[in-house]
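Student: Sequence order for the protein chains is A and B. 111 is the number that our numbering gives the last residue of the first sequence; the numbers go up by one with no jumps. 1115 is the number that our numbering gives the last residue of the second sequence; the numbers go up by one with no jumps.
Everything labelled a hint here was simulated from the structure, so no lab data went into it. Incorrect hints may have been included.
[Unchecked claim] Quick list of in silico lysine-lysine cross-link-like pairs, DSS-like style, CA-CA up to 30 Å: (1) K1068(B) x K52(A); (2) K1054(B) x K1005(B); (3) K1056(B) x K13(A); (4) K15(A) x K1107(B).
[Unchecked claim] Restraint ranges, calculated between C-beta atoms of paired labels, are given here: (5) S86(A) x E1015(B): 33 to 39 Å; (6) S1010(B) x L11(A): 26 to 32 Å; (7) I1018(B) x R107(A): 22 to 28 Å; (8) T99(A) x S1074(B): 45 to 51 Å; (9) P1115(B) x E14(A): 41 to 47 Å; (10) G1083(B) x E51(A): 48 to 54 Å; (11) A1041(B) x E75(A): 21 to 27 Å; (12) T1045(B) x E75(A): 21 to 27 Å; (13) I1018(B) x E17(A): 35 to 41 Å; (14) P1079(B) x G38(A): 30 to 36 Å; (15) G38(A) x S1012(B): 24 to 30 Å; (16) L111(A) x K1054(B): 44 to 50 Å.
A virtual CB, placed ideally from N, CA and C, is assigned to each residue, including glycine.
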Amino acid sequence: AAGVIQSPRHLIKEKRETATLKCYPIPRHDTVYWYQQGPGQDPQFLISFYEKMQSDKGSIPDRFSAQQFSDYHSELNMSSLELGDSALYFCASSLRGRTQYFGPGTRLTVL
Amino acid sequence: DQQVKQNSPSLSVQEGRISILNCDYTNSMFDYFLWYKKYPAEGPTFLISISSIKDKNEDGRFTVFLNKSAKHLSLHIVPSQPGDSAVYFCAARGLSGGGADGLTFGKGTHLIIQP
């Protein structure tokens, strides 16, 4: 069965640079979620979109923004990167808010 | 404040025996609970869920029990197999986001199945 696809899988950036992470949900899923998992931490919810509209917002920094496009894929844009932004970033998708299925994650390293 | 708590960072169980992972929550607005299994450098894999209107859900070797009055849930795995060794996250969903709410995770329990 098709799963959530995330790209890139690994990304290395310098401080103050920008990064864009992409997420392709499971086909026919209408909701996308973004999570951040720091080393040794549990995943922290950032933001979600339902039918291309922002739905719920968690602990997303103002330097980050996200959107969901007409084909339901989503992008997380991160600007003015800081060392503390180094983490695993997961995207998940669901159908009408039911069970969330996670992608493999993007490992972001900020140097 | 940690709204979902997994108080056992690790648990060691012998192969073939029952593994019981526990989870407590504080937010009475949570209406849906999930268990995920996670290997290092991979995304969480969905295992089983339970709605707040039920007290038990079973799927193969996995059973989740929910005690709403105690704000406690547990995941039972029987019989435990070596491939079950992983970190298990308890997660809960609230109702504020109109159905697209983000999940609140516990800090995870590292389950180790010994041969």
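Student: Of all the hints given earlier, name the ones this structure violates by number, lowest first.
Tutor: 1, 3, 7, 8, 10, 13
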